[in-house]
Each structure stands twice: as C-alpha cells, then as structure tokens.
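8 protein chains.
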Amino acid sequence: MAQNGTWRVYLAGGIHSDWRSRIADGVREAGLPVELLAPVTDHGASDDVGVNIMGAEDDKFWHDHKGAGVNAIRTQTLIRRADVVVVRFAEKYKQWNAAFDAGFAVALGKPVITLHPPEHDHALKEIDRAAMATAETPEQVVEVLRYAIAKD
Amino acid sequence: MAQNGTWRVYLAGGIHSDWRSRIADGVREAGLPVELLAPVTDHGASDDVGVNIMGAEDDKFWHDHKGAGVNAIRTQTLIRRADVVVVRFAEKYKQWNAAFDAGFAVALGKPVITLHPPEHDHALKEIDRAAMATAETPEQVVEVLRYAIAKD
Amino acid sequence: MAQNGTWRVYLAGGIHSDWRSRIADGVREAGLPVELLAPVTDHGASDDVGVNIMGAEDDKFWHDHKGAGVNAIRTQTLIRRADVVVVRFAEKYKQWNAAFDAGFAVALGKPVITLHPPEHDHALKEIDRAAMATAETPEQVVEVLRYAIAKD
Amino acid sequence: MAQNGTWRVYLAGGIHSDWRSRIADGVREAGLPVELLAPVTDHGASDDVGVNIMGAEDDKFWHDHKGAGVNAIRTQTLIRRADVVVVRFAEKYKQWNAAFDAGFAVALGKPVITLHPPEHDHALKEIDRAAMATAETPEQVVEVLRYAIAKD
Amino acid sequence: MAQNGTWRVYLAGGIHSDWRSRIADGVREAGLPVELLAPVTDHGASDDVGVNIMGAEDDKFWHDHKGAGVNAIRTQTLIRRADVVVVRFAEKYKQWNAAFDAGFAVALGKPVITLHPPEHDHALKEIDRAAMATAETPEQVVEVLRYAIAKD
Amino acid sequence: MAQNGTWRVYLAGGIHSDWRSRIADGVREAGLPVELLAPVTDHGASDDVGVNIMGAEDDKFWHDHKGAGVNAIRTQTLIRRADVVVVRFAEKYKQWNAAFDAGFAVALGKPVITLHPPEHDHALKEIDRAAMATAETPEQVVEVLRYAIAKD
Amino acid sequence: MAQNGTWRVYLAGGIHSDWRSRIADGVREAGLPVELLAPVTDHGASDDVGVNIMGAEDDKFWHDHKGAGVNAIRTQTLIRRADVVVVRFAEKYKQWNAAFDAGFAVALGKPVITLHPPEHDHALKEIDRAAMATAETPEQVVEVLRYAIAKD
Amino acid sequence: MAQNGTWRVYLAGGIHSDWRSRIADGVREAGLPVELLAPVTDHGASDDVGVNIMGAEDDKFWHDHKGAGVNAIRTQTLIRRADVVVVRFAEKYKQWNAAFDAGFAVALGKPVITLHPPEHDHALKEIDRAAMATAETPEQVVEVLRYAIAKD
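For the protein sequence lines, the chains are A, B, C, D, E, F, G and H, in the order given.
The first sequence begins at 0 in numbering that gives the first Met the number 0 and counts up one residue at a time.
The second sequence begins at 0 in numbering that gives the first Met the number 0 and counts up one residue at a time.
The third sequence begins at 0 in numbering that gives the first Met the number 0 and counts up one residue at a time.
The fourth sequence begins at 0 in numbering that gives the first Met the number 0 and counts up one residue at a time.
The fifth sequence begins at 0 in numbering that gives the first Met the number 0 and counts up one residue at a time.
The sixth sequence begins at 0 in numbering that gives the first Met the number 0 and counts up one residue at a time.
The seventh sequence begins at 0 in numbering that gives the first Met the number 0 and counts up one residue at a time.
The eighth sequence begins at 0 in numbering that gives the first Met the number 0 and counts up one residue at a time.
It should be emphasised that the hints constitute simulated quantities derived from the structure, not laboratory data.
Do not take every clue at face value.
[Said to hold, decoys possible] Simulated crosslink set (DSS-like; lysine-lysine; CA at most 25 Å straight-line): (1) E/Lys150 x H/Lys93; (2) D/Lys150 x C/Lys91; (3) F/Lys93 x G/Lys91.
[To be verified] Distance ranges between label pairs, derived from CB positions: (4) A/Ala44 x F/Glu135: 19 to 29 Å; (5) G/Gly54 x D/Pro32: 43 to 53 Å; (6) F/Gly108 x D/Asn51: 32 to 42 Å.
For glycine and all other residues, C-beta sits at the position ideal for the given N, C-alpha and C.
Throw the hints in and build the complete structure from the sequences for me.
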C-alpha cells in the first residue's frame, strides 16, 4: 500500500575494498529504489584534483588544501542530499574524513549506518552511538536498506 | 486553476486494524495525487529486524534497541519527507511511539491529523491541540485530504 | 542558456474577484513553467469544512476553529512549498488571513509580491516593506513572474 | 521547585487603547519575571520616523516605506527575541500589521496569544486557530502568563 | 579547568510521584549549576486552566482543548529553552503527552533522558532508542547530570 | 556505480563577458547533468524592470529600489535552489551584488566557487577563504564541476 | 513600559574613517543599551594575522588565506551574535568583504542598515534593497538605533 | 570601542597531553573573556560512566554504548553552546570522536580551529580545509583566540 519513494544513500569512507560495489550489487539485486551517492574513490585523482585543475602548489599543505576544497563541493552537497549516510571504517588507515562525514551527517539529522569490523568497536563507540545501526558486512547494510525502504 | 502537486502523507501509529488500507482505498477512489508512506506494520518483523540482520542479543533491552534503530531510519526519514502526518491511536495498547511521532512531526512544522475514538479525547488532549484536525474514522481523514489537496 | 526550472507560486488572499484566473491566464499565455497553488476559494465550503467532515459544533467559535484547522493543512503546506507568494488585498473585507499568510511567508524567507489598490498603501506599508514588489493589477504580477522566471 | 526563568513577551498590534499598560500593571502586580517588549506606539513618530531621520520623500508610498523599514528593525528583532507574542486586534482599523506579526511569529515557532473582542471571532478564525489562546481582556492575558510562567 | 556553565533541564511527564522533587534534591545536594524547568503538576489546575481563565465550555473536548493550549505555551517554550529533557513514564496512565514531548525534543536536537521502570522497556523501545540514556531512578538521572555537567 | 543526480549551479556576478556561455558550452560538451541558473544579464532590462512593470519613479533611488526587488525574487530563489554557486568578479566595476550573493550563499551552507583574475586576489581574500575553490577561467570551473559531479 | 533589553550591533565594512567611533559616541551620549561589535580595524594586523601567529607563507595568496580564516572566526561569530548589522561602504576601495558580510547577515535574517554616500546608490541598489534602512551619516545610524531600541 | 562579549570555546579531542591546561593558562594570562568547555578527560570514568550509573552490561559493545550516550549529552550540548570549537589530534590513537566532533561543529556553522602536529597534515586535509585555522601549538590557539576576541 505504501509507496516510500526513491531513497538517496551516500556511501562515505574507506576506498580500499569492494564494499561500495557489493552494496550496489545488493541494492540492484533487491530491486530497491535507491540512488547511490559517493565521493571520488580514485585516490590519486582525489589527492591531486586541486592542483590538476587550478595549478601547482609548492607547499604540500596547500596542495592538499586545494584538493580538499574541490572534494568538499562533492561530499557536502551529496551528504546534504542524502536520506541515509553509510560510513565505512576499514581495517587500517586513520580515515578521519569518514568520521568527519559522520559528524556532519548527524548534525544535519541524517540517519547514519556505520560499517566496520568488530575490532574497531571501542574506538568507534561515540560514532556507533550516534548511528542508527552498526553493520559488519555490506550485505547487512543492504538488508537494513531493504527493510527501511521496501518492507511491506 | 491551481495545481497543488503531489502530496506525501505519512500514516503513523496503530498497526492492529485496517485503517491504513481504508485510507489507501479512499485516496485511490478519490483519485488524489497522494503518495502514502508508512512504517513497517508486520509486528514480528519490526520487533526482530535488528537481530535478524545484525545478530542476536542476549539482553532483551538491546534486542529491542537494535530493532528500534533500524525502524527509526525508516520512520524519521519518511516523517521528514511527509507533507502531512496522520497519527492513529487505537482502542488499546500504549502506542507511545505514535505519540512520539506526533511530537517529532509537530516540532518539524508538519501538519498532523489525529485519528482515534472519542474515549481517548481526554488522554490525547495535548496531541489533539497540536494537531490541525482530529478524526474518528479513516474516511474522515480521506475527506480532509481531499479538501486540502484537491478542492477547487 | 540558463534553465531556471519550474516555479511554484502560491496565490494568497482575496477570493472575491477574478484575480487568480487572470494570473493563471497570463501565466499560460506567457508559457511560463509555473505551478500555481491556491487556498480553497469557495467561501461556504471553506467556512464549513470542519463541521462538514468531522461533525457539527454548537458554538460558532469552534465551528470556525475546526474549519480553520483543515484549511491550515492546505495553506501552510502550500506556502512552505512555494517559491514565491503573491498576497492579494481587495477593496473591502478585513482579510487578516492574507496578512497572516504574508507574515508566515516572510519569516520562512519566501519572496512576497503584494497586490492591492493604492488606497491600501498606507494601511499595508509594513507588509509592502517586507515584500519584494507591490503590484496593482494581476497583469503586473504576471510580468514580474515572467521576468523573474523566464527573462534571458 | 522549578525555576522557569525570565520570559520575554512581545505585545503586537493595536495602539489605540490602554491594553499594554493594563498587561504591564498586571504583570507587575503578579510579580512575574517578565520582560515586556513592544513596538513604538506613538503613531505620528512611527509613521514619520524614516523621513525624520533620513530625509523627506515627495512620494507618500516611499515616505511610508522608509518608516516601515526602521520599524521593522525593531519589530522583527523583538519578535525573534520573544518567548511569547500577544497580538491585539481592536474594534476598528485594519491592523494588517498585527496579523502580519502573528504570521511571522507562528512561522518562527513562537506561541501566540490573540486578544480581541468576540465580534472579530469569525474574521480572525485562521489566526485564532494558529494561536495557543484567545483572550478578550488584558487581564486574561496576564492570567495566562501567570499560569504559563509561575504556576507551581 | 573547564567551566561548563548553567544547564537548563526540563522534567517532562508523570505527575503522580515525587520523582521531580527527588531530582531537585539531588541536584541541590550535588551543588550542580542546574535550572530545573517543569510543566504544571497540579492536575486539576492543569485540566481546567483554559476555562478558568477564558470562560466555560459546554463541550468537554473544547474544555480540554482550551486548557491544552495554555499548557502548551509553557511546555513548548520550556522545552525549546532546555539543554536536556528528562521524560518520566510512570507505572500506569497512558502518558501520551510525555511521549509527545520526547518526540518534540528529539526533533529539536535536544538530548533526552528517559526515566521508567523496566516493565515499560518493550513499549518504550523507540523512545529509549532516541534517548541518550535510560534510567530507572531519579537518583540515576542526577548522576547522569552530575557527570554531564560537572565531572572534571 | 554512484549516480550523483542532477546538479543546479547558479552563476552569480559579472555580466560583461562571455563567461556564462563558456561554462554552458563546457558543461554541455562534458555531458554533465547540470541545470544552470542565472540572474538576468541584460543590463538595461535589469535596471529598469521595476519601473517598466509597475510605473515610473521620479527619484532614481526608488527607481533602482523597485528594480532591485524584482531581481531579488529571481536571485534569492535561485540561490536557495542551487547546489553550487559560482561567483564571477570581472576586471572592473564594483560588483558589490556579486559579493553580496557570495555572502548570502555561504550563510545558507552552499559551496561557492569564485572566478576572478589574480589581480583581485588580495581584495577578495575573505570571499576566496569562504569559497571551496578559486578559479581563473570558466574552463577551470567546468573541470571542478565535472570532478564534483561526474568523476567515478 | 516596555523594556527592550540590550542590543548587539555589529559594525561591518570600511576601516578608513572615524565612522565607528562616531557611532560609539552617539550611542553612549544617547545612553542606549547597545553592545557594539566590530572586526579588527588595524589594517596591517588584519592582513598579517595568519602568518604572524602560525608561520610565514611564500605565496601571497595563502598568506592572505591564512589571515582571512582567523578574521572569519571573529566576523562570522559576531554577525551571528548581532541583532543588527550596520554595513559601511566608503568613498573608495572595493570593500567586497563589506558586501559579503551584508549578504551573510541577510541570509541569517539579521536586519541590515547600510551607510554610504549617495554616489554609491546605484552600485549598491541590491544591498540597499535587502537592507531595512540606508543612512548617509553615522549620526543617522545612531538615530535609527535610538528609535528601534529605546523610543517609547 | 567594541565590546565583543564573552566567548565560549569548546576543546574537543585528545586527552593524553596538557594542551587543555596550556590553553587555559594562556587564556587566563591574556585576560580573555573566555569560558572554556570540555568533555570529560578522565579516561576510565568516561569509558565506564554508563555502567557505573545505570548498571553493568555483559557485552562490551553495549557497555561502551551506554557510556557513549552519557558522554554525548555533555559533548553535543557544549558544542551547540560554543562559539568556537578547537579540535586536537595528538600523535597517536585513532581519535575518531575528535573528527566526528569537528564534522558535527562544521555542520552547525561553528568556526573550528584544528590543533595537530604537521605529520598529520595529509590525513587531516579534509578537516583542516573545513577549519578556519590550523595550529601546531596550544599557544598559537591562544593567539588566534586573543586576536578574534580581544584585538582592538
């Protein structure tokens, strides 16, 4: 009876595994009306986008700064547009931007789903507390979305 | 002359009668441009969704907590998306989540229509006061929507 | 070059002349991508909608109160949805709800166009000051919309 | 036990009776922790403030417009600052700015108390519906404030 | 080193036990810089405040409606003003207004602490999930406040 | 995998060069899902729109004021609607309205891209600081948009 | 009778004349309850604050960028805190940051008073339109504040 | 001339060095009108606060979850209350909650100052980009505050 519309789901964080494509596959197989949104996941392109487009910088700090601005146009716009934000923390790397995105999303009132292995449970306790669900696998994220969006 | 667009109407509260399908029938028969939104109304699925997807809990409190998080992804997203929120209080059960949804909707500036039998009038006086209309039958809700959306 | 999209224009206030249909005609003739929104303009239906749907009231105050709630579902939803709000003050009647709608729209950051004869200029000075434009004829409103929406 | 703090109450509308001083008297006699806020009630000073300070205008419309801007600095600031807005509609005059203030306050989520004689009930039904209380006398307004602020 | 300022804590819900005075006692004994806010807890005064001040109603629904409006001036103002909202659900009564207040507070981004006996855990799971803490005794609430406000 | 949807990009500022059409060409050639929004760039039409539609003014200040109101209906609506705001400062002219639009956009949380020659760097340091990227050519703006919207 | 409280007034823009001290003198002489807020007006200190505190930059763009960030901490905080924002445009200089501050303030719903010589009228028409008053002298600004804040 | 008032500064992040007390010392020595706000920095008390007050949990995840809720009452309230948020990232530890706080603060429009050693520059580029200033030492933070708050 209900027609819950199309949902936009932003996939924030870790770029070093296939978790985004596994969610995309799962969403497609489940036939969910979901528009997946994502940051740029090409690491080198992401780091250098500022200087590639607007000119080189001698100082690495400003090299990074220019790139981070361009990436923020994308990420902040898509998080504001999203209905749900999934935040992935992988086994290694600091991934502070993933945590930043989570805080940004929560302050905007967006429901967050965290996705990480159990060994990060203690270090991520504040973010998991602010999230609506904590998953260990991309397939669990798909199941949460399936329920939230399409369960009768 | 006016074309008041499509309206999204969220149907909150009671899951133990056919009130949602009666509203759906009425809206369809009236040809209203309405997208009906709803929580999951399968009681068992709703209670257990957290542990079903993300693993069992020994403690019933956390069992419920996990499920409530997943349900909140759905309900808070749909209430934010709704133009109008209908809140149903049935004859029995505590239905505190229905009242919670009403408060949540009112604080967001959403017009609320309450739907309940007259014997609840006194107990629901604060919520009826915050609502724009109080109906006794689903058919009255349909008439309110018909007027609000489609009356010339 | 620019494609400024579809605009929603809410037509608030006076129901005793043909000003809404003149704006509708003008918008259509100009081929503007405008969705016109409006309150119910059938005076009797508007006054009695509450009791007609949800049961009679002995007290005229509550008779009016019930009807005003149902009308508010429509008017507040459409004002929130509108890009521009046109507020019409006719030659007579108090039309306090028109002024209320103007204040509501301004507080939400919506641009307001007032439409009234010059003899109301002094009495409407606060509302004209809060508006972006003050017109005397519906055709002037159409020209303002044409410029705002479709001028190259 | 509770200490509900100081409340700011903005008194909007009618300037042609002693209603504001009666509320001020009542509030003082009741010992309420209330800071009363008000627009300028000197009619001539209010009408001419723009040209008095910033130079004459040949055109009455702009004479009014300049003054309305200066008054809006005061009224909009004080309404935003208020906890409660009382809106007075007297026996005569159009008082569209009172209705505008009511709409502005409601859209900001401020509770409104309307104050008017019963003969305005029908014309003010939309605003009374949006208000939390409708009083006929300033003394009733004081009683409402006393209850809301200081009742144990 | 840190000076976390004065906190305003609104105590919503149940009026049939001494829980508010136990929190007040605990806060005072702990020397916390807390301003406690509360609804009117005199049941009869609360029910009848509308008609007591503004005149009798024949119809019980409108009798309640008038009173609920006056109470809402107080409760909505104080919830907006609060830093933290404690919501008490007692052993019996429907207490839908407590749940409504919780939803209202959560939508405004206020941290909520629920206070109820364990037998309500299942019925309150959605509200407990939206809360930051769930306590069983007023003394636990005091401890949570002491930590949040004054722990070094 | 990701489908980042259609983006609305508002092009604010300078009207004396072909920068808007160069961005439009670039966006079209890149096949970006972008809806470009713009103010009226016909200088004479923009200056005189108020008096052309609603009647002449003797005083140049009010002539300008009337026109600025009509233009603001367009510009404020489109900035609110935009995902990204590009602000162009050309070699000469004061262009205070471009800077005003930038401040307006930043306060609404919109990402801003500034576009100006390097000789303005010092005078525009506050606005460049508030922007996410600073470009010298329209082609660089297109590249930033291409990355933000369509990079895999 | 009314006690309109203390007002915070932010003085944005031009740093090359004594306009701020003339407003401060006028406010003091009038005995107004005003807290004046201002950016740093020491031009050299303002330009170099970033590098002075956090280390030199080879590139002038980043030198400016670092300083603009520190200044923005001050200006954005004070504009958000202000009840009224006065924006001064002097006879020369581009003063784009003044216009930016005006746009920022208007988007936040702050009433703006512009202060500039008449020869800027045309170039500032959009900002004057968004303002509540336009003054030519600091003494006129003081009179506007005196009326808005302290007129009976 | 200007009196910029008292500022509230929240000190987020790292608890394993004396950076907070160095800022407190610097602020006091500079005589700044600053109220410093902080999370609980007693690591054990912070981890166990949930179970200490509201009862033990068998499962470490829920042990952490309960504690994180209580801490969030404090941190979210204080970040909302702050004018400026300083976020410290120390040499080691994941400190995801520091990054979360930064994202939360930025989404609320709070100016952020990051404080970290240069070796974190690349990993923190997104957060440094969203910040208004990046410092290496607590003394630099004090200087930024001194300028922002108290420079003439």
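Practice problem: Please name the hints from earlier in the document that this structure breaks, with their numbers sorted from lowest to highest. | Solution: Number 2 - this is the single hint that the structure violates.
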